[in-house]
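Protein sequence lines correspond, in order, to chains V and B.
For the first sequence, numbering that gives the first Met the number 0 puts the final residue at 113, and the numbers step up evenly by one.
For the second sequence, numbering that gives the first Met the number 0 puts the final residue at 248, and the numbers step up evenly by one.
It is worth saying that the hints were derived from the structure and are not from the lab.
Be a bit skeptical, because a hint or two may be false.
Not the full set, but computed from the structure, chain V residues with beta-carbon under 7 Å of chain B [said to hold, decoys possible]:
#1 Lys4
#2 Phe7
#3 Gly10
#4 Leu12
#5 Leu69
#6 Thr70
#7 Glu73
#8 Gly78
#9 Leu84
#10 Met86
What you are looking at is a predicted structure, and each value in this text was computed from that prediction instead of being measured.
Cβ atoms here follow ideal geometry from the backbone N, Cα and C, with glycine treated the same way.
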Amino acid sequence: MSENKILFNTGSLDEISEEMAKLASKEESRLELSPENADSGLAKLVLTIVELIRKLVEKQAMRRVDGGSLTEEEIERLGETLMKLEMKMEELKKHFNLTDRDLNINLGPLGNLM
Amino acid sequence: MEMMIYSIVSVKKNTKKLDALLAGIKGLSNTDLYVVTLDEIAAVVSDVNRADLIVDKSSAIEYAGVIETLAQQFTLLPVRYGSVMESTDTTKKMLERNYNEIQCNLLKVENKVEYGLKVFCDSEKLKTELKDKSETEPAIELEQGIEKSIYSKYLYKKLKEHRFEESLLAHIDAIIQNITTHLAQLNSIHRFKKMVTETTIIDVVILLKKNEKEGLIQAVKELQIQYTGLKFVLTGQWPPYNFVDITIK
């Protein structure tokens with residue numbers, strides 16, 4: 000971006016460049032499937048969807064806890080379930096050599112999945 | 000011969016001014032620019048051989064430069080980089096098929112330009128500020144005195160994180176609401192994405208009348224004074240890249 004296009008900015012040009020680079024790298028985080036990486040690409044896709052569902056379940060659970068309608072026993076069971084789900088997810092990520100950053104997909108105009 | 004389309008320009012049945020401008024600028028690979036006209040609109044094109052076309056960053060910048068030069072004098076719809084038509088005839092037919100939609104879009108962007116506003120935050124600093132604030136509020140009830148299992152402790156830790164995340168989002172939503180209210184006062188059309196990255200809390204594109212540039216700059220300055228912890232970056236003027244809603248038939 001040429002300097003004369005910047006109408007207002009309180010930071011330095013380096014700072015803007017840094018932020019723009021972050022935005023560009025976000026745009027690049029699309030799912031790439033090809034014959035060469037079909038296995039890892041598919042694992043990434045499946046785990047991304049699993050992680051999305053796990054997070055939705057977790058959020059819903061937090062809303063129920065926050066609502067104060069759960070008994071101590073239910074809280075105990077919910078805590079155990081969520082903890083085991085998270086541990087299993089960590090195990091799978093490690094197995095397929097994926098990080099949290101990998102488990103996100105850029106859906107173009109819709110933005111990021113998570 | 001195939002032709003690359005740069006933009007569709009509102010010429011109001013008079014192409015003389017456009018022809019004069021095109022005589023002074025060149026298209027990709029130093030090609031001549033000319034127009035394919037239909038009634039009040041004209042497609043600015045240059046001849047291209049698809050096999051020789053090099054698609055890279057410098058070529059895209061060159062392409063954007065042509066649109067930028069045209070946009071300084073005309074109301075136009077920018078066409079996506081790399082759009083190639085087979086001939087003058089197919090270009091004319093395309094203009095015919097889409098004439099009404101093109102005119103509608105040209106009317107929407109007439110005498111207007113696009114601006115970009117990005118608001119960055121120091122996410123760690125923002126989180127610390129909110130954490131400090133939340134710690135002064137009543138803590139989560141943990142039924143003190145009762146020995147908790149690791150599962151309950153895990154759940155309450157998650158609940159604390161969830162509440163923090165909710166308060167962070169509410170804080171950001173309030174900032175976004177304030178920014179969009181300021182923009183609405185300028186009678187602008189705007190579209191935004193929030194939390195594009197951890198540090199970009201809002202990325203807005205704004206369509207505004209050409210003569211209202213100073214008002215926009217002033218509004219952004221006021222917002223910056225209000226939110227000293229955030230960084231506002233306003234760019235423009237751009238051709239209306241984000242305000243063309245048309246699917247070419």
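Hint-by-hint comparison with the structure:
1. Lys4: With a closest approach of 5 Å, the V/Lys4 hint holds.
2. Phe7: Given a least distance of 4 Å, the restraint on V/Phe7 holds.
3. Gly10: 5 Å, holds
4. Leu12: For V/Leu12, the interface hint is violated, since the closest Cβ of chain B sits about 10 Å away, which is over 7 Å.
5. Leu69: 9 Å, violated
6. Thr70: Not OK, violated: V/Thr70 not within 7 Å of chain B, min 12 Å.
7. Glu73: Given a least distance of 10 Å, the restraint on V/Glu73 is violated.
8. Gly78: 3 Å, holds
9. Leu84: Given a least distance of 11 Å, the restraint on V/Leu84 is violated.
10. Met86: Nearest chain B Cβ about 10 Å off; hint violated.
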